[in-house]
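S.K.: Based on the sequences and whatever the hints tell you, model everything.
Chain residues, written in single-letter form:
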Amino acid sequence: MLPLILTDVSLWRDGNTLIEGVSVTFSPGTKTIVLGHNGAGKSLLLRICHGLMGPDSGSVAWAEKSPEGHRRQAMVFQKPIMLRRSVRSNVTYGLKVNGVPKLRRQEIADMNLKRVGLADIASRPAAVLSGGEQQRLALARAWALAPDVLFLDEPTANLDPAATQSVEEIVEEIHGGGTKIIMTTHDLSQARRLADEVVFMHQGRMAEHTPADQFFDSPASAEARAYLNGELRW
Amino acid sequence: MSEIFSAFAIAFELIVSLDRELYTIIGRTMYVSISAVAMAALLGLLLGAVLAVYRFPGRRAVIVVLNALMGLPPVVVGLVLYLFLSREGPLGFLGLLFSPTAMVLAQFFLILPIIAALSHQFLRDLYLEYQEQLCSLGARPNQVVFTLLWDGRVNLVTVVMAGFGRAIAEVGAVLIVGGNIAELTRVMTTTIALETSKGNLALALALGIVLVFGAIGLNAAAYTLGGVSTYRRI
Chain H
7 MLPLILTDVS
17 LWRDGNTLIE
27 GVSVTFSPGT
37 KTIVLGHNGA
47 GKSLLLRICH
57 GLMGPDSGSV
67 AWAEKSPEGH
77 RRQAMVFQKP
87 IMLRRSVRSN
97 VTYGLKVNGV
107 PKLRRQEIAD
117 MNLKRVGLAD
127 IASRPAAVLS
137 GGEQQRLALA
147 RAWALAPDVL
157 FLDEPTANLD
167 PAATQSVEEI
177 VEEIHGGGTK
187 IIMTTHDLSQ
197 ARRLADEVVF
207 MHQGRMAEHT
217 PADQFFDSPA
227 SAEARAYLNG
237 ELRW
Chain U
318 MSEIFSAFAI
328 AFELIVSLDR
338 ELYTIIGRTM
348 YVSISAVAMA
358 ALLGLLLGAV
368 LAVYRFPGRR
378 AVIVVLNALM
388 GLPPVVVGLV
398 LYLFLSREGP
408 LGFLGLLFSP
418 TAMVLAQFFL
428 ILPIIAALSH
438 QFLRDLYLEY
448 QEQLCSLGAR
458 PNQVVFTLLW
468 DGRVNLVTVV
478 MAGFGRAIAE
488 VGAVLIVGGN
498 IAELTRVMTT
508 TIALETSKGN
518 LALALALGIV
528 LVFGAIGLNA
538 AAYTLGGVST
548 YRRI
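Line by line, the protein sequences give chains H and U. Sequential numbering of the first sequence, starting at 7, is according to the numbering used here. Sequential numbering of the second sequence, starting at 318, is according to the numbering used here.
These are calculated hints, taken from the structure and not from any lab test. Treat each hint with caution, since some may be false.
[Claimed, not checked] Not close to chain U: a few residues of chain H, all C-beta gaps over 12 Å, as computed: (1) Gln79; (2) Ala80; (3) Pro86; (4) Asn96; (5) Asn104; (6) Asp116; (7) Arg121; (8) Gly123; (9) Ala125; (10) Phe157; (11) Ser224; (12) Ser227.
[What the hints assert, rightly or not] Using C-beta positions, here's what the derived DEER-type ranges look like: (13) U:Asn384 <-> H:Gln220: 38 to 48 Å; (14) H:Ala163 <-> U:Gly388: 43 to 53 Å; (15) H:Asn44 <-> U:Asn384: 32 to 42 Å.
[Said to hold, decoys possible] Non-contacting residues of chain U with respect to chain H, defined by C-beta distances greater than 12 Å in every case (computed): (16) Asp336; (17) Arg337; (18) Leu363; (19) Tyr371; (20) Glu446; (21) Leu454; (22) Ala456; (23) Gln460; (24) Trp467; (25) Leu501; (26) Ile526.
These numbers were taken from a predicted model, which means no experiment stands behind them. Where is the CB? At the ideal position from N, CA and C, for every residue including glycine.
M.R.: Here it is as structure tokens:
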């Protein structure tokens with residue numbers, strides 16, 4: 007279903023321009039990291055790509071539209087949203103709404119819970135898990151849908167270093183299976199570890215879209231240079 | 318003073334000796350109120366969930382009206398239903414006036430707004446929490462309605478119990494449409510009112526004691542259920 011092509015996408019709320027004229031093409035295969043300050047429009051851009059919000063102008067187009075289009079993409083949020091059910095049911099629920107037959111659901115759920123290391127606590131209520139475990143469950147829930155594209159919105163912002171590391175490992179593993187990763191972060195070292203290419207957002211605009219090596223060594227835009235040098239600019 | 322003590326003594330005797338009249342009235346009361354609550358819960362919970370999820374013209378008006386009707390005076394419900402069911406009324410041909418069915422209807426209309434409004438308030442908050450995740454997984458609005466009803470079930474039991482408490486404690490509506498006919502439409506509250514005015518304090522007191530202990534038992538059950546769920550959510 008990739009590439010995903012955004013053309014001149016803008017978003018306004020209450021007279022403020024939140025996203026302005028973003029045109030970008032997300033190609034298959036790479037891990038794209040969306041970088042920028044708080045309030046730069048990273049999360050909004052991700053929500054627009056995923057289809058949770060519609061842009062006020064411009065267009066969001068997938069290369070091919072399959073009848074089961076929605077299932078081929080998934081999203082993991084900064085604060086994991088846990089259904090008030092067991093760990094396993096949180097995964098099977100996503101499969102159920104996407105029409106996976108009942109017998110297959112259990113099997114797929116158990117396989118994905120094993121992949122993220124939650125198989126032993128599959129029957130516990132999801133709400134009693136720790137923050138790191140909840141985020142891994144959110145990853146398993148997304149992974150179970152076998153998406154072509156996985157969006158992640160600051161998935162480790164609330165986690166300690168150990169939990170962050172395991173989330174990053176899982177993301178790498180999902181990517182290894184052929185899933186395109188599009189992830190926001192404000193953590194520069196995380197961006198260096200994960201990024202194949204960087205989309206840098208500044209004040210609602212896309213300041214640059216470059217391969218990771220080039221971005222970190224010699225950023226093209228003045229905004230990105232200031233950001234990398236740790237200068238406060240907004 | 319001694320009159321009160323002897324009334325209590327006879328009341329206890331009626332309860333302990335399984336007095337036929339007393340327990341017939343309790344049984345009829347349960348039949349009327351449980352039927353009314355079952356119907357009101359079926360419709361009210363669904364209405365509450367639909368109002369929480371779907372956006373349609375006039376939705377706000379429906380919510381305002383439901384909230385206003387929560388405090389509906391029972392005698393007014395009784396009066397309106399009486400007008401409809403009386404021989405001259407539009408539904409007079411059904412011959413339901415002064416029957417237990419009429420009393421079920423009266424309590425149904427009395428508690429439907431309570432169950433619908435309270436469940437809407439709770440499910441709206443739950444929907445706010447779930448919205449992005451369910452949308453991301455690709456759940457359709459009709460699936461979301463049933464997800465909210467299932468995941469909110471513990472709190473919804475409390476809502477239904479509030480409706481039951483209101484139904485069983487109410488006098489005015491069932492008195493008007495039931496007529497308080499011995500062996501036919503006499504329930505606990507109407508009997509208490511009648512027997513007290515006749516000076517037959519013992520039966521009235523016996524019914525009162527059962528009603529109070531029933532209410533305490535019900536609230537204890539609701540509290541326990543709520544407590545269990547809070548524990549499970551931590």
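S.K.: Could you run down the list of hints and mark each one as holding or not?
M.R.: Hints versus structure:
| no. | hint | in the structure |
| --- | --- | --- |
| 1 | Gln79 | violated (9 Å) |
| 2 | Ala80 | violated (7 Å) |
| 3 | Pro86 | violated (9 Å) |
| 4 | Asn96 | violated (10 Å) |
| 5 | Asn104 | violated (6 Å) |
| 6 | Asp116 | holds (19 Å) |
| 7 | Arg121 | holds (18 Å) |
| 8 | Gly123 | holds (21 Å) |
| 9 | Ala125 | holds (21 Å) |
| 10 | Phe157 | violated (8 Å) |
| 11 | Ser224 | holds (36 Å) |
| 12 | Ser227 | holds (31 Å) |
| 13 | U:Asn384 <-> H:Gln220: 38 to 48 Å | violated (59 Å) |
| 14 | H:Ala163 <-> U:Gly388: 43 to 53 Å | holds (45 Å) |
| 15 | H:Asn44 <-> U:Asn384: 32 to 42 Å | holds (38 Å) |
| 16 | Asp336 | holds (45 Å) |
| 17 | Arg337 | holds (46 Å) |
| 18 | Leu363 | holds (19 Å) |
| 19 | Tyr371 | holds (17 Å) |
| 20 | Glu446 | violated (7 Å) |
| 21 | Leu454 | violated (4 Å) |
| 22 | Ala456 | violated (4 Å) |
| 23 | Gln460 | violated (5 Å) |
| 24 | Trp467 | violated (8 Å) |
| 25 | Leu501 | holds (45 Å) |
| 26 | Ile526 | holds (39 Å) |
Violated hints for the displayed structure, listed by number in ascending order: 1, 2, 3, 4, 5, 10, 13, 20, 21, 22, 23, 24.
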